[in-house]
Amino acid sequence: MFKLWAAIVKDSRVLLRDGIGLALMFFMPIVLVFVVTDIQNSSYKLINKNKLPIYICNRDTGQSSVQLIEAINKIGMFKVSQLPKDQNEKTIADSMKASDAMLGVVIPSNFTVKVKAKAKSVAGKALTSFGLQADSTQKEAGDVDPLTLYYNPVIQESMRLSIKGGLQSALQLVESRETLRSLYFSINEKPLPSKLEDEMLNNKTVINEIPVSKSGSLKAPNAAQHNVPSWTIFAMFFVIMSLGGSIVREKVSGSFIRLKTLPTSYMVGMLSKQITYVGVTIVQAVVIFALGIWVFPLVNLPGLDLPEDIFGLFVVTVICGWCAVSYAMCVGVFAETHQQSNGFGAISIVILAAVGGLMVPTFTMDTSLKTFANLSPMHWCLQSYYGLFLEGGRLRDVIGNLIPLVIISLVFQLISFWGLRRKNLI
Amino acid sequence: MAVTDTLAVNVQNLGFHYPGNDGVTFKGLNLTVRKGERFGLFGPNGAGKTTLLSLVAGLLKADEGTIQLLGLDVKSHSNAVNKLFGFVPQDFSFYEELSPVENMEFFGAWAGLSRRQIKKRTDELLDILGLTDVRNKEVDKFSGGMKRRVNLAIGVMHNPAILILDEPTVGVDVQTRHAIIDYLMKLNENGTTLIYTSHQLSEAEGLCQEIALIDSGEIVVQDSLASLLKEHRHDSLEELFLDLTGKEYRNDV
Numbered sequence: 001m002f003k004l005w006a007a008i009v010k011d012s013r014v015l016l017r018d019g020i021g022l023a024l025m026f027f028m029p030i031v032l033v034f035v036v037t038d039i040q041n042s043s044y045k046l047i048n049k050n051k052l053p054i055y056i057c058n059r060d061t062g063q064s065s066v067q068l069i070e071a072i073n074k075i076g077m078f079k080v081s082q083l084p085k086d087q088n089e090k091t092i093a094d095s096m097k098a099s100d101a102m103l104g105v106v107i108p109s110n111f112t113v114k115v116k117a118k119a120k121s122v123a124g125k126a127l128t129s130f131g132l133q134a135d136s137t138q139k140e141a142g143d144v145d146p147l148t149l150y151y152n153p154v155i156q157e158s159m160r161l162s163i164k165g166g167l168q169s170a171l172q173l174v175e176s177r178e179t180l181r182s183l184y185f186s187i188n189e190k191p192l193p194s195k196l197e198d199e200m201l202n203n204k205t206v207i208n209e210i211p212v213s214k215s216g217s218l219k220a221p222n223a224a225q226h227n228v229p230s231w232t233i234f235a236m237f238f239v240i241m242s243l244g245g246s247i248v249r250e251k252v253s254g255s256f257i258r259l260k261t262l263p264t265s266y267m268v269g270m271l272s273k274q275i276t277y278v279g280v281t282i283v284q285a286v287v288i289f290a291l292g293i294w295v296f297p298l299v300n301l302p303g304l305d306l307p308e309d310i311f312g313l314f315v316v317t318v319i320c321g322w323c324a325v326s327y328a329m330c331v332g333v334f335a336e337t338h339q340q341s342n343g344f345g346a347i348s349i350v351i352l353a354a355v356g357g358l359m360v361p362t363f364t365m366d367t368s369l370k371t372f373a374n375l376s377p378m379h380w381c382l383q384s385y386y387g388l389f390l391e392g393g394r395l396r397d398v399i400g401n402l403i404p405l406v407i408i409s410l411v412f413q414l415i416s417f418w419g420l421r422r423k424n425l426i
Numbered sequence: 001m002a003v004t005d006t007l008a009v010n011v012q013n014l015g016f017h018y019p020g021n022d023g024v025t026f027k028g029l030n031l032t033v034r035k036g037e038r039f040g041l042f043g044p045n046g047a048g049k050t051t052l053l054s055l056v057a058g059l060l061k062a063d064e065g066t067i068q069l070l071g072l073d074v075k076s077h078s079n080a081v082n083k084l085f086g087f088v089p090q091d092f093s094f095y096e097e098l099s100p101v102e103n104m105e106f107f108g109a110w111a112g113l114s115r116r117q118i119k120k121r122t123d124e125l126l127d128i129l130g131l132t133d134v135r136n137k138e139v140d141k142f143s144g145g146m147k148r149r150v151n152l153a154i155g156v157m158h159n160p161a162i163l164i165l166d167e168p169t170v171g172v173d174v175q176t177r178h179a180i181i182d183y184l185m186k187l188n189e190n191g192t193t194l195i196y197t198s199h200q201l202s203e204a205e206g207l208c209q210e211i212a213l214i215d216s217g218e219i220v221v222q223d224s225l226a227s228l229l230k231e232h233r234h235d236s237l238e239e240l241f242l243d244l245t246g247k248e249y250r251n252d253v
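Residue numbers (my numbering), protein chains in the order written: chain A, 1 to 426; chain B, 1 to 253.
No wet-lab data here; the hints were simulated from the structure.
Beta carbons: idealized from backbone N, C-alpha and C, even for Gly.
A few of these clues could be false.
What the hints assert, rightly or not - Which bits of chain B does chain A cover? Going by a derived footprint, with three or more residues having C-beta under 8 Å, they are:
1) 93–101
2) 178–191
Said to hold, decoys possible - Lysine-lysine pairs mimicking DSS-like chemistry, simulated, CA-CA at most 30 Å apart:
3) A:Lys3 to B:Lys75
4) A:Lys3 to B:Lys120
5) A:Lys251 to B:Lys75
6) A:Lys74 to A:Lys97
7) A:Lys79 to A:Lys116
8) A:Lys90 to A:Lys114
9) A:Lys190 to A:Lys118
10) A:Lys251 to B:Lys61
11) B:Lys186 to B:Lys147
12) A:Lys3 to B:Lys61
13) A:Lys3 to B:Lys83
14) A:Lys423 to B:Lys27
15) A:Lys251 to B:Lys119
16) A:Lys423 to B:Lys83
17) A:Lys3 to B:Lys147
18) A:Lys423 to B:Lys61
19) A:Lys251 to B:Lys83
20) B:Lys137 to A:Lys3
21) B:Lys147 to A:Lys251
22) B:Lys141 to A:Lys3
23) A:Lys423 to B:Lys75
24) B:Lys119 to A:Lys3
25) B:Lys147 to A:Lys423
26) B:Lys141 to A:Lys251
27) A:Lys251 to B:Lys137
To be verified - Residues from chain A that face chain B, not an exhaustive set, calculated with beta carbons under 8 Å:
28) Lys3
29) Ala6
30) Lys10
31) Arg13
32) Ser253
33) Gly254
34) Thr261
35) Pro263
Could you put together the complete structure from these sequences and hints?
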């Protein structure tokens, strides 16, 4: 035990004097967690609170386009500004650029005429199908000319689709209203009463959003709940920059040679490195979680809520840390130089993070990538943390995610052991 | 008493080659070093000195033959053998980001010393090797000579019966060289067997009682320095060295 203790003290001293390694393990992930949470929080606010700025160039003079603009306003997602009718594509683009508006919509000049014609045509068809006498002079109406949506290319596809969905629902409302009015008039020969129109058209059914949590909590997860666990895992895997480098440095500096001539197995050294660096990963998690809880609210970010099962959180953190350390050790054993260890280490962490769902959720990935994600230890780390932070689960609920993590860690350990044997280092 | 009981090192019929035959090869090499001797192993670059010392220290594994230290087989008693000898490699083999004391605490513990023994030996050695006033400073700020002394101090922490030194004075000033040689002589007076390699042949003349010249993986000669000089009619080890190993360049890649 004294030998192990001496090795832990030595490794801790070496680590504390590695300023760059400490900065990479603590400072950079902390910056990352702040920046990413702030960005996600801003995009949430942009859609839900600040509203997306949109320019509408209404070339139509009828009522339908006015109703369409009202409907777009009612969606609650956009801040509508109108442009003069005579704007062309270039002037619309210039206006968008000048005011940082992300979107521009052009309503064609014959919009009302076409909407009404189509409504009459559809109403006629409906009457015929009801077995009633329709207006025999009514001609088949063509489609309404398309609306044009200009968008800033920085808007991601998923967001663009949701914007398009919003506009489509506004358009649907206008067309349905005209069809309904036309149908009512054809049957009753008087206008549709506005109260009835409102009841028929305006959706009165509310959608209640309830997060499915194991703890029964109804609190919706915020950007901090999503990002703090993700980037804590990323930080843990960044120990590769210090631990991988430390193993390589030991090998190239000749310390290994002396260690091999002493009556102590190098496995004691590897064990001490694991204990020291798992300790580091726990400190990383504590620091980042503490920032999430106490510092985020001070800078107008949503605060982090810790899971109810603190013991479960500790166990998950230790296992995630051990996995990160096992991976770093494996890379350190096989790397020949510090540059190899740092270069491969940093790039592989980014790849594992991307594949593991830290950057884009795995449920959005296609089947082959999802299979690949299962091989990334970060995926299982993230699922374990999400089980506690987002789903309100307890340790027993995330055991299924911890088992693959332990298996992956053991594989890294075995590969490291084999590498040390093969290189005649133990 | 059997002859082998008087031997510190006994290498018999040693066979070794690096993977892909890249480097020196040993075929049936024999070498003995008596207990309490100051033994020098010399040869040109690439002759096999460091490889032979690495095999004796158990850092490399022999393909054939036996290597015994004080009667214990290096292969089968590695832990017991590791307690018997100290190794001072040519490269600085310690943690430069730590102080001499911190290095000695760690290596002393791994050599099997207790806390009390570590404290005592650290104070003693730092005093003998003139490092007391820098005992708590990080070694990476030290000069080459100071680092050599730290390298030596760590190698002798556990009072080994055999001390293997691979060029212990390379790149040091005259004062440091004298200090190191004086200390090695003192260790030997107290019974430590010294196995030493160096390219400093004049230094070796004063230190070594018995020498072996190695070239291309073979022991060319082994005897006391006086006998070898007399037999080959030379006045110095350097002349003997050039006579037996030639004057052409040796490229050790």
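Verification of the supplied hints:
Under the rule that three or more residues need a Cβ within less than 8 Å of chain A, the assignment of the segment 93–101 of chain B holds, with 6 such residues. Look at the segment 178–191 of chain B against chain A: 0 of its residues bring a Cβ nearer than 8 Å to a Cβ of that chain, fewer than three, so the hint is violated. Among the hinted pairs, A:Lys3 with B:Lys75 is consistent with the structure: their alpha-carbon atoms are about 23 Å apart, no more than 30 Å. Distance hint between A:Lys3 and B:Lys120 is fulfilled; the C-alpha atoms sit about 18 Å from each other, no more than 30 Å.
Between A:Lys251 and B:Lys75 the CA atoms are separated by roughly 22 Å; this keeps the pair inside 30 Å, and the hint holds. The hinted pair formed by A:Lys74 and A:Lys97 meets the criterion: a straight-line CA distance of about 25 Å does not exceed 30 Å. The straight-line distance between the Cα atoms of A:Lys79 and A:Lys116 is roughly 27 Å, inside the 30 Å bound, and the hint therefore holds. About 26 Å separates the Cα atoms of A:Lys90 and A:Lys114, which keeps this hinted pair within 30 Å; it holds.
For the proposed pair A:Lys190 and A:Lys118, the alpha carbon gap of about 19 Å is at most 30 Å, so the pair holds. Distance hint between A:Lys251 and B:Lys61 is fulfilled; the C-alpha atoms sit about 18 Å from each other, no more than 30 Å. Between B:Lys186 and B:Lys147 the alpha-carbon distance is near 20 Å, which keeps this suggested pair within the 30 Å criterion. Among the hinted pairs, A:Lys3 with B:Lys61 is consistent with the structure: their alpha-carbon atoms are about 26 Å apart, no more than 30 Å.
With a C-alpha separation of about 15 Å, the suggested pairing of A:Lys3 with B:Lys83 holds against the 30 Å cut-off. In summary, the hint linking A:Lys423 to B:Lys27 is supported, as the alpha carbons are separated by about 23 Å, within the 30 Å threshold. Restraint check for A:Lys251 and B:Lys119: satisfied, since their Cα atoms lie roughly 27 Å apart, inside the 30 Å limit. Between the alpha carbons of A:Lys423 and B:Lys83 the distance comes to roughly 23 Å, so the proposed pair stays at or under 30 Å and holds.
This hinted pair checks out: A:Lys3 and B:Lys147 have alpha carbons roughly 24 Å apart, not beyond 30 Å. In summary, the hint linking A:Lys423 to B:Lys61 is supported, as the alpha carbons are separated by about 12 Å, within the 30 Å threshold. For the hint linking A:Lys251 to B:Lys83, the alpha-carbon distance of about 22 Å falls within 30 Å, and the restraint holds. Distance check on the hinted pair: B:Lys137 and A:Lys3 sit about 23 Å apart at the alpha-carbon level, within 30 Å; holds.
As the CA atoms of B:Lys147 and A:Lys251 are separated by approximately 18 Å, the hinted pair is consistent with the 30 Å bound. Taken as a hint, the B:Lys141 and A:Lys3 pair is honoured in the structure, with Cα atoms around 27 Å apart against an allowance of 30 Å. As the CA atoms of A:Lys423 and B:Lys75 are separated by approximately 17 Å, the hinted pair is consistent with the 30 Å bound. Taken as a hint, the B:Lys119 and A:Lys3 pair is honoured in the structure, with Cα atoms around 15 Å apart against an allowance of 30 Å.
As the CA atoms of B:Lys147 and A:Lys423 are separated by approximately 27 Å, the hinted pair is consistent with the 30 Å bound. Only pairs whose Cα atoms come within 30 Å are accepted, and B:Lys141 paired with A:Lys251 is accepted, the gap being roughly 21 Å. Taking the CA atoms of A:Lys251 and B:Lys137, the gap is near 23 Å; set against the 30 Å cutoff, the hint holds. A hinted interface residue such as A:Lys3 counts as satisfied when its beta carbon comes closer than 8 Å to some beta carbon of chain B; here the least separation is about 5 Å, so the hint holds.
A hinted interface residue such as A:Ala6 counts as satisfied when its beta carbon comes closer than 8 Å to some beta carbon of chain B; here the least separation is about 3 Å, so the hint holds. A hinted interface residue such as A:Lys10 counts as satisfied when its beta carbon comes closer than 8 Å to some beta carbon of chain B; here the least separation is about 4 Å, so the hint holds. The beta carbon of A:Arg13 comes within 6 Å of a beta carbon in chain B, closer than 8 Å, and the hint placing it at the interface holds. Of the supplied interface hints, the one on A:Ser253 holds, with its beta-carbon coming within about 7 Å of a beta-carbon of chain B, less than 8 Å.
At a threshold of 8 Å, the smallest CB-CB gap from A:Gly254 to chain B is about 4 Å, leaving the interface hint in force. Because the closest C-beta pair between A:Thr261 and chain B is about 4 Å apart, less than 8 Å, the hint holds. Look at A:Pro263: its Cβ gets to within about 4 Å of chain B, closer than 8 Å, so that hint holds up.
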